[in-house]
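Starting from the given sequences, assemble the full structure and let the hints guide the process.
Those protein sequence lines, which keep their order, are chains A and B.
Its first residue numbered 1, the first sequence is counted upward by one per residue in the working numbering.
Its first residue numbered 1, the second sequence is counted upward by one per residue in the working numbering.
If you are wondering where the hints come from, they were derived from the structure by calculation, not from laboratory data.
All residues carry an ideal CB built from backbone N, CA and C; glycine is no exception.
Hints are not guaranteed to be accurate.
If you anchor each label on the Cβ, the simulated ranges turn out as follows [said to hold, decoys possible]:
#1 B/I419 with A/G451: 18 to 26 angstroms
#2 B/P467 with A/T349: 52 to 60 angstroms
#3 B/P467 with A/A228: 36 to 44 angstroms
#4 A/S351 with B/P115: 52 to 60 angstroms
#5 A/T622 with B/P155: 56 to 64 angstroms
#6 B/G67 with A/S548: 53 to 61 angstroms
#7 B/E478 with A/T384: 51 to 59 angstroms
#8 B/I419 with A/K664: 40 to 48 angstroms
#9 B/S472 with A/T762: 25 to 33 angstroms
#10 A/T762 with B/I419: 57 to 65 angstroms
#11 A/P763 with B/A441: 27 to 35 angstroms
#12 B/V477 with A/G665: 41 to 49 angstroms
#13 A/T384 with B/S472: 54 to 62 angstroms
The following residues of chain A were derived to be distant from chain B, with all beta-carbon distances above 10 angstroms [as the list claims (entries may be wrong)]:
#14 Q303
#15 D445
#16 T510
#17 Q587
#18 D768
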Amino acid sequence: MFSRNALTLTPIAAACCMLAACGNDDNGTTYGGLVASSAYVAGSATGDPTLKAGHYQGATVCVDANGNGKCDSAEKSATTDSAGHFSLKTADSGDFIADITTSAINTADGAAVSRHLILRASADQVKDQGDAGIVISPASSEVQRLVEANGSSYATEKANLATRLSGPAFNQGTATLSGTDVLADVNTLSGAAQYALLYAYNELGNRYTYATTKFDRGDKYPDALAVAGGDPRLSGLSGITAGETVPADTRKAISFEQAQQAAFNIEGVPAYDNIFIIMLENKSTDAVLGNSRAPQVNGYLAQYNQLTTYYSTGNPSEPNYTALGGGDDWGITDDNWFGCGAAGANAPTDSAFAGGSASDGQPLPKQDALPPLDSKHLAGFSTTAGAPCSTSPTGGTNHNAPGDNLFTLLSKAGLTWRTYSESMNPGQDVRADSIADPAVVDTYDETDSDGTHLVGTSNYAVVNGLYKVKHGPSIAYQTARKLPEFVADNRTIFGTQYTEADWKKTSVYTVPDGWMYDQFGADLAAGDVGTVNFVVPDQCDDMHGVGSDTSCSNNNNGKTDGITRSDIYVGKVVSAIRSSALWKNPQKRVAIVIMFDEGEGSSTSCCGWNAGGKNSGDAPVTVDAIGTATATSQPSGYGNGNIGHGNSIFSVITNQQDVGTAAKGVKDSDAYSHFSLVRTLQDMFQIADPGVDASYLNRAKYTEAFIAQNLTALPEFAGSADTHFDSVRPINHAYVIPANYVQRLNPVDVNGSLGTDGTVVTPQTGPDANQNNVWALK
Amino acid sequence: MRMYMKFRLAAVLGTTLLALTACDGGGARSTGGAAAGGDGGGGTSPALSLAAQVGQKAFFDKTLSSGKNMSCASCHSPQYAYGPPNSLAVQLGSDPEQAGVRAVPSLRYKDATPPYDDNAANPDGVTLASAGGGFMWDGRAATLAAQVALPLLNPVEMNNPSKDAVVQAVKNGSYAELFRQAFGANVLDDSDAAFTALGEAIEAFEHEDVSFHPYSSKFDLYVFNKIGGTLSAAEMRGLVVFNTAETGNCAACHYAGVSFDGNQGLMTDFTYQALGAPRNDRSIPGNPDPIPANDDPAYDDMGLCGPYREDHTPAQLGTPDPYCGQFKVPTLRNVATRSAFFHNGVFHSLNQVLHFYNTRDTHPEYWYPGSGGSGTPVANPDYALQPRYVPGASVAKFNDLPAAEQGNVDEEVPLGSGITPDDNVNATTLGDGVRPREVGAEPAMSEEQMADLACFLGTLTDGYQVPDAAPSSGPCVE
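Put into structure tokens, the structure is as follows:
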């Protein structure tokens, strides 16, 4: 990094000479600079992407005198050379634009640019960098966008971006970037600072490419599902339930500046840097909310934000996690291994993994093409040829889910993901359940925040299935398991009952040399957590229950020690995140979600569910470029899925509430489901495009407008008495609930059931106190 | 939507037509009276597999009985939700001199029933494992395919002398060729194999044909948030009674939630309970159809502990055995279309059943025969089995169970108090220390709550047609 000055002096000096030699004529100033790029190269197996630095060759550079985001013919322009350099003599004043079309080359990977991209550098930046030292990059665009978003100054946002990118970075050391550094050519940096800036280039470059798409396409602004009040497109559609809030559509074609902002607030969901989703098990809202056995979880709910009408989408665990991973449960109604029902084209194509090490140094032992073939490692495994869960199934519901999912989309975008799972056996195949280990023995002994001291069965040995792949949101997806980084992204997190020393006594696998017991803690310290992180406690710390350790006892009524045990664990995880440099960096946007895979009792859901039941004839759909859906033929068993399993709590904590000015205590009672969460994550990390329905994963695309326009392909939604409830929207609180609308809580088990505190659960009538967004940044 | 409805109706008509042809008239099955329960609508069956097509033929084949006068459908009538087409407590056999020993259950919504297990997981995920699963009132058939054999070979039912006789009837039947196509050219040459295949065929029909799980009730419209599914005020109050542990507590066993294999709303948790139903015998004045077997005072039908199920027969009769008196919890779907209730069919109206649950402990004189006493008999309410009660008479409570087994009766709400002993919070029975309701005490439900509950149970009837306009008056409106 310190070599930067030496490297960059030369071109600046050269440019000065050139300027001196050419001189200013009365037709303006001669500017010089470059357009810097990054390229994501697929194939890294460490969990951190391979990112290369380069320049854009063949980009058109101009001063955007009229501020319309285009290099107009009246605005003089220049074209960048093979080193990304430009020299432009112009009398125009304003921001610089680099118009990078598909005829430009990204020298970072030598490939033609795949989508039109406009980058810019502000006039203030030019003043700062000098006429001859202009660097146009995703970072320069970002600084100017922030100036416009916040009504602040170039100096402020330059410093803020430096703060944002500084700190422990990707286990490469501490990145220390000055404001000058973040706006410099990334090619001139090195080490952690360069990688941190490359990661930002890539992420920001994706966003600005998307902004350019929106601008070129003339999208209306804002996105339909971000319009305050409700989706204005519904006013012209038939089949929408009467009485819904549908505002008039007063939106106009998006401007360049609006597009820049819209790309960071897709469908009203702000861009975040990282999210941690802590998964708990099997409790309805009434078993947790107000439960004195869960003081910490209830503390977060009371102090921070929550969704009060959140629905699971399946039963039991595996369909819910699979829905969280890709927006559909594919008809899975059990917890069985991914080979079940996977016949013919669905048969697993997993490759053997040669071994290696993760970005944080975790040694990764080799894995065979499939995990050990027995029911201890693979739930439901059958040795009977032809049986649904054998390696040669002739029937059953396919458990090897097809197509894209959050993990493949993140990977393709050069973004990172992790699943941090507690209590994997050291050395085990990450696609297999953990197994009993008589040599790993300890006594649970922890204290909750309210002083409750919980001691479990003395010297209790590790039982089968503390770690279960049914609780892995990526596991069911074939394409996720085929990602080169798949093994490296399945990481460890600290335990409670069993220590690092305990696990090292294992008698069932060989502990890899240098095995890391707590990658989660290490990654928080080294800045190597993922963009999207699922945190999966083991079956004693997640309120599920397994074995007979008394501290692990669980029941769906919320009246067992397992609740306390899980509350303690959640507290530890949240505390670890909140103690990290990442969380404390005021320019980062980091969120924690505490949620459950499913409630209990009744089979209802919302928001993209199979709203017609098992006879509905629902099937996955294909969607063409203009959003027309065509039903595929129904896969065996598909109709049994996506039916739901009731309500549960959903808590949101953001670092902007701790180190910034974001409001606390936001309650959003609009109806959301796992499919809504998938849509929200796609918006949050810009791995979908609201202008392209097909870009949303599976049932996450089933918005109210989409369903109304495609009802013949979606028979499960025919005859709906509440089309808003039945359809997907991002979690953004844009919709205003009508005055007489009664909150739909899981009807069959909430009506008349008693909450933990003995009161009948009363659904809310009418809108929320305010329309604040649980993800709001300020 | 219109197209969808039309298609659905066509499928239903098809089923009915086929049922009629297979049934060669006879007039035993009326299409009136419970048409709603017979509608198999609510969805469309995919084309039946070959095996299921065989099963469909066999299901309506009267030649599969000794007198060539009785098919599966004779007792499991499609017009009555595959339950009995009349109010008889037990049905007559193919040999009309014979009568069955238990009421005929509905064959609808059986798909998710697991095989019987003494420690079956409860589908609600909460209740501790207990006896559960299986087919027949005592769970002695592990699968629907295995269940088929029991009525076929039972002398008091279809009365075939052997598997061979059944297979011979199939061979002579119109679908022998279809059978061979489905199960192999030589399948009918081996009676054991063919008989097993016949069970599999009928099971396939029951699994595949949507009429066995139509989900076409008003309740389904309600759960799935469909137009027409708005419950009336009375029905909604009834749902609350159904769910509320302190009043109806029905959902505790007639579990409405998510079940195994993606099923839901089955209104049973597949468990077994001893409810202490009165003996269906001649001790009930004016009893329209006492069970003939009950004429023998030494005969006791005790469900899980026998006499038909044999693995829990007490080692020594007359000693307490926890399995005695327990019968399977049936689905409540289409319950309003039935007129014979409980394993012994002792009740003939839903109203009577609800009152039994509510007053078994508080007013046992309504339900069980009394002896002794003196003075002017007091008239019992019209729903009671026993029309009157002599003051001071001693009442033979739980008279369908030997005294030693009466501790097994369920004392959960609304039957009993539901109050468990401190040292056994999971107890449910008298013998485990759950307190009964005191005689003469206030029952768990009011008359209004029971009326509302009946209204809610009415929403569980398949084939619901949404009226053009919601009714503005009637017993189940307000």
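Structure-based check of each hint:
no.: 1; hint: B/I419 with A/G451: 18 to 26 angstroms; verdict: 32 angstroms, violated
no.: 2; hint: B/P467 with A/T349: 52 to 60 angstroms; verdict: 54 angstroms, holds
no.: 3; hint: B/P467 with A/A228: 36 to 44 angstroms; verdict: 39 angstroms, holds
no.: 4; hint: A/S351 with B/P115: 52 to 60 angstroms; verdict: 39 angstroms, violated
no.: 5; hint: A/T622 with B/P155: 56 to 64 angstroms; verdict: 58 angstroms, holds
no.: 6; hint: B/G67 with A/S548: 53 to 61 angstroms; verdict: 56 angstroms, holds
no.: 7; hint: B/E478 with A/T384: 51 to 59 angstroms; verdict: 57 angstroms, holds
no.: 8; hint: B/I419 with A/K664: 40 to 48 angstroms; verdict: 44 angstroms, holds
no.: 9; hint: B/S472 with A/T762: 25 to 33 angstroms; verdict: 28 angstroms, holds
no.: 10; hint: A/T762 with B/I419: 57 to 65 angstroms; verdict: 27 angstroms, violated
no.: 11; hint: A/P763 with B/A441: 27 to 35 angstroms; verdict: 34 angstroms, holds
no.: 12; hint: B/V477 with A/G665: 41 to 49 angstroms; verdict: 42 angstroms, holds
no.: 13; hint: A/T384 with B/S472: 54 to 62 angstroms; verdict: 59 angstroms, holds
no.: 14; hint: Q303; verdict: 30 angstroms, holds
no.: 15; hint: D445; verdict: 26 angstroms, holds
no.: 16; hint: T510; verdict: 36 angstroms, holds
no.: 17; hint: Q587; verdict: 44 angstroms, holds
no.: 18; hint: D768; verdict: 21 angstroms, holds
Consistency with the previously given hints fails for numbers 1, 4 and 10, ordered from lowest to highest.
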